[in-house]
Every structure is written in C-alpha cells, then in structure tokens.
Amino acid sequence: KQEVTQIPAALSVPEGENLVLNCSFTDSAIYNLQWFRQDPGKGLTSLLLIQSSQREQTSGRLNASLDKSSGRSTLYIAASQPGDSATYLCAVMSYSSASKIIFGSGTRLSIRP
Amino acid sequence: GAVVSQHPSRVICKSGTSVKIECRSLDFQATTMFWYRQFPKQSLMLMATSNEGSKATYEQGVEKDKFLINHASLTLSTLTVTSAHPEDSSFYICSARDSGLAGTHYEQYFGPGTRLTVT
Numbered sequence: 332k333q334e335v336t337q338i339p340a341a342l343s344v345p346e347g348e349n350l351v352l353n354c355s356f357t358d359s360a361i362y363n364l365q366w367f368r369q370d371p372g373k374g375l376t377s378l379l380l381i382q383s384s385q386r387e388q389t390s391g392r393l394n395a396s397l398d399k400s401s402g403r404s405t406l407y408i409a410a411s412q413p414g415d416s417a418t419y420l421c422a423v424m425s426y427s428s429a430s431k432i433i434f435g436s437g438t439r440l441s442i443r444p
Numbered sequence: 007g008a009v010v011s012q013h014p015s016r017v018i019c020k021s022g023t024s025v026k027i028e029c030r031s032l033d034f035q036a037t038t039m040f041w042y043r044q045f046p047k048q049s050l051m052l053m054a055t056s057n058e059g060s061k062a063t064y065e066q067g068v069e070k071d072k073f074l075i076n077h078a079s080l081t082l083s084t085l086t087v088t089s090a091h092p093e094d095s096s097f098y099i100c101s102a103r104d105s106g107l108a109g110t111h112y113e114q115y116f117g118p119g120t121r122l123t124v125t
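Sequences listed follow chains A and B, in order.
Mapped onto this note's numbering, the consecutive letters of the first sequence carry residue numbers 332 to 444.
Mapped onto this note's numbering, the consecutive letters of the second sequence carry residue numbers 7 to 125.
Same shape as in the complex, but just chain A (with noise of 0.2 Å):
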C-alpha cells in the first residue's frame, strides 16, 4: 500500500530565500507525482506534474524533481515571495493503488514579508 510522507510539516522563512520542500513515497512503482497548492479553504491547484519516465519539471520559479528509487521528491522554490504561502500538498498515482492518488498530509509554507 502505498504511503506519501512530507516533511517539514510547517514551514516559516523569509521572503527571497530558496527553500525546498520533501515528499517521501514507500512504493517506487508510480505511474507520476504530482505537486499541489492549496491556500486556505480553497480547492487545489495543480503546480507540477512529473510522469514517471521523468526526472524533473519546472515552472517559473518551481523545480520539482523525482528520484523513483529512493521513494524521494523535492519542491525547490527560488526567490519566496508572501504570496507562496499556503500549504503544498504531494500526491503519487501508482500502480499499487490501483491508480488512485495518494495525498501526503502537505506542508504549511508561510514567508515572512
């Protein structure tokens, strides 16, 4: 069964610092990893999709990369901005869950202006 795991659970840096955040997953047969945003009680918007076939994708100032073997995915945020903060959910499509997704239980992100 397959288990997504993110750390730091919050998360408080100041405004212009890079910062990453990580997504542990138990079963490397994935289909893709997803990363996610949801700012307070609203629904998700989608930030990065990586396919399993790849190692890492970008938008703006977000990389996002996936190492299957090691059950690993970071989310590399350059330059923060107050408006990043919100909580950054990752979620795993796999094979073993019978291609539902499965969500981490996210990390809060606030950046201090």
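Keep in mind that the hints are not guaranteed to be accurate.
Said to hold, decoys possible - Taking lysine-lysine pairs in the DSSO-like style, the calculated list, with each CA pair at most 27 Å apart, reads:
1. A:332 x B:26
2. B:72 x B:47
3. B:20 x A:431
4. B:70 x A:399
5. A:431 x A:373
6. B:61 x B:47
7. A:431 x B:61
8. B:61 x B:72
9. B:72 x B:26
10. B:61 x A:332
11. B:47 x A:332
12. B:20 x B:47
13. A:373 x B:72
14. B:20 x B:72
15. B:70 x B:26
16. B:47 x B:70
17. B:20 x B:70
18. B:26 x B:61
19. A:399 x B:20
20. A:399 x B:26
21. B:72 x A:399
22. A:431 x A:332
23. A:332 x A:399
24. A:431 x A:399
25. A:332 x B:72
26. A:332 x B:20
27. B:61 x A:399
Said to hold, decoys possible - Simulated coverage check for chain B against chain A, where a stretch passes if three residues somewhere in it have a Cβ under 8 Å from a Cβ of chain A:
28. 48 to 55
29. 116 to 123
What the hints assert, rightly or not - Which chain A residues stay away from chain B? Per the calculated CB distances, all over 10 Å, these:
30. 349
31. 355
32. 377
33. 412
For the record, the hints were derived by calculation from the structure and aren't laboratory data.
Since we're looking at a predicted model, the values are computed, not measured.
We put the CB at the ideal spot given by N, CA and C, even for glycine.
Put chain B on the given structure of chain A with help from the hints.
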C-alpha cells in the same frame, strides 16, 4: 485546460437531513471520478472511486450507505451525504480522470471543493 466543477460550493444543513453534491467534468468525458474528504488542517483522504455505469468502490472505513455515490453519465458524479451529522462537516473535493487520456498520462483534474457544515 480541463475543468471540473462542483455544486454547491458551500452548504449548511441540519443534522439528520441529506445533502447532494454534484461533480461535473465540463470539457471532457470521465469514466472515473474520485471523491475526497478533507478535515481542517489535514490532507485529502480518498473516500471512493466512482465509475460510470457501475457501483462505486469505497475505501476502507467509509460507510457506503451513508455516502451514496451515483455516476450516471460520463460528465456527472454525485455524492449524497445521508442523515448528516455534525461530524460529517468537512471539505469534499472531487476529481475526474480524462477518459481520452486513459493509458497515457492518467492525469486527474480536481474540482474546487464543497464546504459542508452540519448544524
């Protein structure tokens, strides 16, 4: 891009009543839809997988008689919370898989969520 809508976005109901939440794929067909529940400051937990024209598959611990799911068409799935209680208050999010991409990208699109409050 693909859009999934949910209706209503917010609903307040009295304990003991039933409430229906709709999930629609607006510009694609979805043979498979998923329903998630999210409690405050927690992650999304998959409740059930909804397949068009067949019975939904529920995750362990989810009461199928309480959370009725109907997927009558390729663009609509409904979740009915029956005999709602305050502990059912939560944020319910649906997602839909584009049937046209089956076997390729397996990308799912998420709705904006429905905030249910049971008083």
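Against the structure, the hints come out as follows:
Taken as a hint, the residue 332 of chain A and residue 26 of chain B pair is broken in the structure, with Cα atoms around 31 Å apart against an allowance of 27 Å. For a cut-off of 27 Å, the pair hint linking residue 72 of chain B to residue 47 of chain B stands: about 24 Å separates their Cα positions. The suggested pairing of residue 20 of chain B with residue 431 of chain A is violated, with an alpha-carbon distance near 32 Å, which exceeds 27 Å. Simply put, residue 70 of chain B and residue 399 of chain A have alpha-carbon atoms about 35 Å apart, too far for the 27 Å limit, and the pair is violated.
Taking the CA atoms of residue 431 of chain A and residue 373 of chain A, the gap is near 22 Å; set against the 27 Å cutoff, the hint holds. Taking the CA atoms of residue 61 of chain B and residue 47 of chain B, the gap is near 31 Å; set against the 27 Å cutoff, the hint is violated. With a C-alpha separation of about 16 Å, the suggested pairing of residue 431 of chain A with residue 61 of chain B holds against the 27 Å cut-off. This hinted pair checks out: residue 61 of chain B and residue 72 of chain B have alpha carbons roughly 14 Å apart, not beyond 27 Å.
Our distance criterion of 27 Å between C-alpha atoms is met by residue 72 of chain B and residue 26 of chain B, whose separation comes to about 12 Å. Straight-line distance between C-alpha atoms of residue 61 of chain B and residue 332 of chain A comes to about 23 Å, which keeps the hinted pair within the 27 Å bound. At most 27 Å may separate the alpha-carbon atoms for a hinted pair to count; residue 47 of chain B and residue 332 of chain A meet this at roughly 24 Å. Annotation: proposed proximity of residue 20 of chain B to residue 47 of chain B holds, straight-line Cα distance about 24 Å (limit 27 Å).
As the CA atoms of residue 373 of chain A and residue 72 of chain B are separated by approximately 25 Å, the hinted pair is consistent with the 27 Å bound. Annotation: proposed proximity of residue 20 of chain B to residue 72 of chain B holds, straight-line Cα distance about 15 Å (limit 27 Å). Restraint check for residue 70 of chain B and residue 26 of chain B: the C-alpha separation of about 14 Å stays at or below 27 Å, so the hint holds. Simply put, residue 47 of chain B and residue 70 of chain B have alpha-carbon atoms about 25 Å apart, close enough for the 27 Å limit, and the pair holds.
Restraint check for residue 20 of chain B and residue 70 of chain B: the C-alpha separation of about 21 Å stays at or below 27 Å, so the hint holds. At most 27 Å may separate the alpha-carbon atoms for a hinted pair to count; residue 26 of chain B and residue 61 of chain B meet this at roughly 17 Å. With a CA separation close to 47 Å, the supplied pair residue 399 of chain A and residue 20 of chain B exceeds the 27 Å bound. Under the criterion of a C-alpha separation no larger than 27 Å, the hint pairing residue 399 of chain A with residue 26 of chain B is inconsistent with the structure, at around 40 Å.
Taken as a hint, the residue 72 of chain B and residue 399 of chain A pair is broken in the structure, with Cα atoms around 38 Å apart against an allowance of 27 Å. At most 27 Å may separate the alpha-carbon atoms for a hinted pair to count; residue 431 of chain A and residue 332 of chain A meet this at roughly 11 Å. Of the supplied pair hints, the one linking residue 332 of chain A and residue 399 of chain A holds, its CA atoms being roughly 16 Å apart against a limit of 27 Å. Note on residue 431 of chain A and residue 399 of chain A: the hinted pairing holds, with a Cα-Cα distance of about 18 Å set against a maximum of 27 Å.
The straight-line distance between the Cα atoms of residue 332 of chain A and residue 72 of chain B is roughly 25 Å, inside the 27 Å bound, and the hint therefore holds. Proximity of residue 332 of chain A to residue 20 of chain B is assessed by CA-CA distance (about 37 Å); at most 27 Å being required, the pair is judged violated. This hinted pair does not check out: residue 61 of chain B and residue 399 of chain A have alpha carbons roughly 34 Å apart, beyond 27 Å. Proximity of the region 48 to 55 of chain B to chain A, defined as three or more residues with a beta carbon under 8 Å from a beta carbon of that chain, is established by the 6 residues found.
For a cut-off of 8 Å, the count of residues in the region 116 to 123 of chain B with a CB near a CB of chain A stands at 5, and the three-residue condition holds. Against chain B, the non-interface label of residue 349 of chain A holds: every CB pair exceeds 10 Å, the least being about 25 Å. With a least beta-carbon separation of about 14 Å from chain B, residue 355 of chain A lies farther than 10 Å from that chain, consistent with its non-interface assignment. The claim that residue 377 of chain A lies off the interface is violated: its Cβ sits roughly 7 Å from the closest Cβ of chain B, which falls inside the 10 Å cut-off.
No beta-carbon of chain B is positioned within 10 Å of the beta-carbon of residue 412 of chain A; the least distance is around 23 Å.
The structure fails hints 1, 3, 4, 6, 19, 20, 21, 26, 27 and 32 (numbered hints given earlier, in ascending order).
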